[in-house]
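Visitor: Residue strings, one per chain:
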Amino acid sequence: MTYDIILAGVGGQGVLSLAAIIAKASMIDGLYVRQSEVHGMAQRGGAVLSHLRIADRPIAGDLVPSGGADMILSMEPLESLRYLPYLKPEGIVVSATEPLVNIPDYPELEKVLGAIRAMPRSLLVDASGIAKEAGSPKAVNMALAGAASLMLPVKLASIERGIDELFGAKDPQAAAASRKAIELSRAAHASSAPAPEGGRR
Amino acid sequence: MQDLVLLGDEAVALGALHAGLSAAYGYPGTPSTEIMEYLIGEGERRGRSGGPSLVASWCANEKTAYEAALGASFAGKRVIVTMKHVGLNVAADPFVNSALLDIKGGLVLAVADDPTMHSSQDEQDSRFYADFAMVPCLEPRSQQEAYEMAVAAFALSEELAVPVMLRLTTRLAHARASVEVGDARPQNPLGKSANRPGWSLLPGYARKRYELLCAKQSEMERRSESSPFNALTGGSKSTVVITAGLGGNYYEENLEDFAATLKAKDGGAGDRRPARLHVGFYPAPEKAIRELCSGAGQVIVIEEGQPFLEKKLRGVLEQSVPIRGKLDGLLPLQGELNPDTVRAALGLPARKSAPPSPFPLPGRPPQLCQGCPHGDSYQAIKEAVSGYDPATVSINADIGCYALGALPPFSVPETLVCMGASISMAGGAADAGIEYAIGVIGDSTFYHSGLTGLVDAVSMHRAVTVVILDNSIVAMTGCQETILPSPKLRAVVEGIGVEPEHVVVIEASKMKLAENVEAIRRELEYRGPSVIIARRECLEAFRLRKKKEKREAEAASKSASASAGKGRDGAAGCGANSEGGRA
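As given, the protein sequences belong to chains A and B, one line each in that order. Heads up: the first sequence at position 155 corresponds to 155 in this note's numbering, and the numbers run straight through without jumps. Take any residue in the second sequence, count from 1 to its spot, add 201: that is its number in this note's numbering.
Rather than coming from a laboratory, the hints here were simulated on the basis of the structure. Computed from a predicted structure; not experimentally measured. Just so you know, even glycine gets a beta-carbon here, dropped at the ideal spot from N, CA and C. Hints are supplied without guarantee of correctness; some may be wrong.
[What the hints assert, rightly or not] Simulated pairs of lysine to aspartate or glutamate, EDC-like, Cα-Cα distance not exceeding 20 angstroms: (1) A:170 with B:245; (2) A:88 with B:458; (3) A:88 with B:457; (4) A:170 with B:755; (5) A:170 with B:750; (6) B:583 with B:708; (7) B:747 with A:171; (8) A:170 with B:243; (9) B:749 with A:171; (10) A:170 with B:457; (11) B:748 with A:171; (12) B:759 with A:171.
[Stated by the list, open to error] Here are some, though not all, of the chain B residues that point toward chain A, as calculated from beta-carbon distances under 7 angstroms: (13) 372; (14) 378; (15) 386; (16) 435; (17) 450; (18) 451; (19) 541; (20) 559.
Sequences and hints are given; from them, build the entire structure.
Guide: The structure is reproduced here in structure tokens:
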């Protein structure tokens, strides 16, 4: 089993912690993980990309090849489209619906969301709405993790344990909101999420 | 044995600690920063809870960092010095000279290159520096190797009495993977070198030392031939492959498909995987390369960075074996490698992808944060020069977050070259006849290498206006503290000899725009060197500071309520704080 994920968003949105949670959960499940991040100038409010590779055998490189990603997981709808060349033809796009408009020429939102809906396998997530409902506007990335968890080859229990291990000690309140956001997001998308490849769940 | 998940940078740091590290110095620079951050964290932890003493500190620049490391090595201690590739240009003087020294405590230079210039000004490949200085270079290609090579580098440094370079590249430095770590070796005892001629590069001594360095080359080559980091694997010879650094990973990523196409083409039974050498220890093993290439149909060289090995292989004279790589366009000469470029170089068809976006996507370049003080400073500069003929104005900026002011909406700086260049370039422009020559530089960059440019400006009484953007922090690399605290800056500038009435402190904010424009105009009209200190804390630094204060307040109230008998802990905490991370 190999599962390659492209995580996308804008600098400051929490893409790296989203990647960290999934990576942690994968390791709890005993899988091999490589997670590539962007630091420095590249993350100052610009497009941010993280490669996350999960496998049940050693992984050669840190980067996902073009046409190699099983999933694009994006904190921002426009950014999910930027990395489509990384996606397998049958790959899944999971994206938050709320745009981050910090550029003058941001396209019409409906056009962006329409393009995502038109993908053969995609899931749009009202991540900020779910985060608010969970009691922490900061849990947007966890709402996204919750939706993605319906298709990822990692156990839900491992994601929850990962959250506790990464944030639990530092900020128990945030950890609780994160778990809640994951639960709400899974419930909201249980019927609409595309089936994972080969029925794996 | 223990499994940890580490960035490549962190794996280097931990390897160094386990090799018995006593001291670490560096200057922040992407993608090397996290090596020191890890070590500084460990130093603070030991300050609180005990353990072998570890001095880990940022320095004013890479040169002072490297020189401090030399002092520690002279004293017999193991020491690491960290920087990004362009930082090594600044440290080149002590680095190249140090190859001639009788290195005592193991000295490892961890330098992180940034091909593709994710966060840099050029793509220089540090392996050329190691070659130039005639010292060994180790190049890991996984987090595990980063750890192991850091450990090995210290031993190598002490055995050969030379500094050893550990070369990283962005994708390894900033990718996480699981690392299996070993036990820690004790630190070296204090014991300075008794070999004065080995540490004093007077020409007479230096000539002898250079002779010795030349003699050490054959030992380096011998070790390279037998190094486990240089792995020669047999196989088909129609095409043989030499890989280095992350090129080896991308090759392996495509190996199965490559072997299948070779089998289809060549026929024959069994595995058709090409014979291959992966190089992780330089100087490269020449015997192994000759053995690999003897009888080969062609050789493909896949290395991360500039075509260092490929150039060595090609030389000048005609080759008996065709050499393919970056110099003949098989692989792109520019930018980092990736699984796709290596795949194409192996003649494999691109993998099928999902269709691209149905409409063109606008770019989203990095930008200054909303409300960033640098934005207010640039706005003030922009308005201050708006009344002048642009031909009489030259605005030179520098390296840091504020370089982003060169992009819209500000588009203020006209030049960005290297750390410290803003002030000296403004000086040259003024000498050439530009009336209003401006140098814009961050506080940390000023201490790094702007000071000397200002000394020149004072000495020649140049009509330059220097704007120091004092946001109290090294923002771009993740908010390390500036080497000296903000209130010292004015005295430093005046101490260099700028007239006190031409050292003007302004607050970089929207509210103060009109008076800031006025202040800048006044100084632009002054026909001598003036310095405007535009002060306001970085927003990200502010956020981090508040978070830290909240954490400390919570911890303080917790320990106060716990018991009064814990004075020792509290005192240790205070000590660590008053040091401010700058021993």
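Visitor: Sort out which numbered hints this structure fails and list those numbers smallest first.
Guide: 10, 15, 16
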